[in-house]
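Undergrad: Chains as they are written, first to last, in numbering that gives the first Met the number 0: chain A, 0 to 358; chain S, 0 to 251.
Don't read these hints as lab results, they were simulated from the structure. Heads up, the beta-carbon is just placed ideally off N, CA and C, and yes, glycines get one too. You may find that some hints are simply not true.
To be verified - When the alpha-carbon atoms are kept at most 25 Å apart in a straight line, the in silico BS3-like pairs for lysine-lysine are as follows:
1) A:LYS251 with A:LYS159
2) S:LYS71 with A:LYS77
3) A:LYS77 with S:LYS146
4) A:LYS217 with A:LYS46
5) A:LYS45 with A:LYS159
6) A:LYS223 with A:LYS280
Claimed, not checked - Estimated spans, in silico, between C-beta atoms of each pair:
7) A:GLY176 with S:TYR192: 37 to 45 Å
8) S:GLY210 with A:GLN259: 49 to 57 Å
9) A:ASP95 with S:ILE139: 37 to 45 Å
10) A:LEU318 with S:LYS146: 47 to 55 Å
11) A:ASP30 with S:TYR192: 34 to 42 Å
This is what each chain is made of:
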Amino acid sequence: MKTTYFLFALIITLFISGCDPLVTTFDDTEDAVLYQSNLIKEFPAKKSISVMTWNVRFGVARLDFALDACGDRVIISKSEVITGLEGIANKIKNDDIDIVLMQEVDVQSKRSSYVDQAQWLLNNTDLNYGAYASKWKSQIILADGIGRVDAGNLILSKWKLEDAKRHQLPLRGDQDGLTQLFYLRRNVLSAKVNMPGTPFYAVNGHLTAFATDDTKQKHISGFKSILDDIVANGFSFVAGGDLNAIPPNATKTDYCLEDQCEVGTYHSGKEPEHKEGAYFKEEITWLNDLYGSYEPAISLEQYGMNETKHYTHSPGGKLELDRKLDYLWTNTAWSNGVTHQDATKLSDHMPVTANWTVK
Amino acid sequence: MRIIHLLFIFSFISAQWSSESAFLLEKGRKEVGLFTPFRMGMENGSELSVNKFLMMPSVSIKQGMSMYNSWKMARIFRVEYPTPGLKWLQSPLGKEMGDPNMFSLISTQFSIPQMLSFYSEIIGTTGNINSGQLSLSAGIGVALNGKNLSDDATIDLPIIYPRLSIYYNDFIIKSGGQYYRKFTDSFYYLIDYDMYLMPGGRGRYAFEQQGLAVWQKSNTFRLSFGYKLIAGEYPFGAQAHFLPTINIQFGW
């Protein structure tokens, strides 16, 4: 069966390849794609910089998307996407954010009606510059009518971005070759923010959610090693992203039953026992190294005192948040770390913000 | 079974317009290709063409017309019923969304209405195959009931997009040309182009240029291979593709 799939995919690949590859693959490190707003606004250097991380779910808010929400829709209309982006842009403008680390941004995907969300957000916020790195780029995804896709990580900034790099993370080790070919290529995006007088780095990661082997551990390690290199070179950083990992002191580690689409799919004695991306028990310590090395916007003590206040995610259309997956880090210090649970209708992840004090 | 799926995809593409000459098959002669429809010369002097994969049924009739100066003229009328084929493309392996529905090219969230399309085309051919045969063609197509098909249900791929655009855009204008010449006793070459205009569509044009080397062993077997260069506009923007092509045809 797999041989037939390979043959089928090879012929389709030949059929629509040519000037551009069917599936875009990436070097270990390569330049990111740079964007800028249609209208550049001038911003002076600041002593305290507001930073946000937000997985924006490609602008479809809490709509019933098939691939992550047990829904039956794959293609979301342009008007629905624009409505979703307007909610995101308003949140960024109202909170006067200086640097946004954004995940799940579509720039040319059929599922979001081909809206270039990076350019749209720059044109509809006060942010001037963007750097983008694809995590999923293919002329066609041969499943569910997904079609063409280009989705990835985005850094938005009021100040010019330089030296923007896409750092490839390891591919999932628990997939067959064909699935892996068409699957996500997770990465970490870094860029130097050229704020006058005090350049610093912004780092944005979206790590694997569904790997059942040690791929997530490798991703966390890869994310941290990029931060280590920045510090070793004498710079400070603001970093963040959707790490798809829960804090080491989280009291709940098993979401299989909450996340299943059909009752009885998991914990029923049948294989697989656990749902991919919903069972964290065996990986609960994997963020310890990050917490031990760098400063989180929400400390473990803050989180432990009131877990529910810092939950950042609930899947699909479920509005009741039930876990923390999104983080901000720095090598210096944060103040006023906030999880914006008021944004629960704008995405399936909540933005986390904090003020970074420039030293 | 997968091979049948593949042949189907290629065949429904080839069953639609492609450049050809104004000459008709002789009475009683039949031709069929791996990726081209079944054609047959009729008793009344016309030529019948049928897509051999019945999920995308189409029938066309080609009729000779009076000469125009040195040009041999013909007209083609074609009708196509795409509904079963498009429904099949929503779930080629019969899976549901989330299974995952592998090889699905159209999301099952869209309903495919009952649709029909009608094409009319005029072709003129001058010259002969030894010194070079030139054919020019132009035509239009209209679709019925395409308004009930979502504009988001397109397949945004080269070759496929312009040929299905009639169902999203209600009509299409097409022109084409072909130059065919004998090279040696059994080798020929063919250069052609096709231009699709889809005014008002999310992708408004497609230009296809093809070069083929043809080896014709006898009147019963023909092998052709070459390239196709496609420059077109799609709902996401413009893109060019360069594709290898191959076909095997049999005649009797």
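Undergrad: Against each hint, give a clear statement of whether it holds in the structure.
TA: Now the hints, each set against the structure:
no. : hint                               : verdict
1   : A:LYS251 with A:LYS159             : 41 Å, violated
2   : S:LYS71 with A:LYS77               : 49 Å, violated
3   : A:LYS77 with S:LYS146              : 18 Å, holds
4   : A:LYS217 with A:LYS46              : 35 Å, violated
5   : A:LYS45 with A:LYS159              : 14 Å, holds
6   : A:LYS223 with A:LYS280             : 21 Å, holds
7   : A:GLY176 with S:TYR192: 37 to 45 Å : 38 Å, holds
8   : S:GLY210 with A:GLN259: 49 to 57 Å : 54 Å, holds
9   : A:ASP95 with S:ILE139: 37 to 45 Å  : 56 Å, violated
10  : A:LEU318 with S:LYS146: 47 to 55 Å : 36 Å, violated
11  : A:ASP30 with S:TYR192: 34 to 42 Å  : 37 Å, holds
Hints 1, 2, 4, 9, 10 from the earlier list are contradicted by this structure; the remaining hints agree with it.
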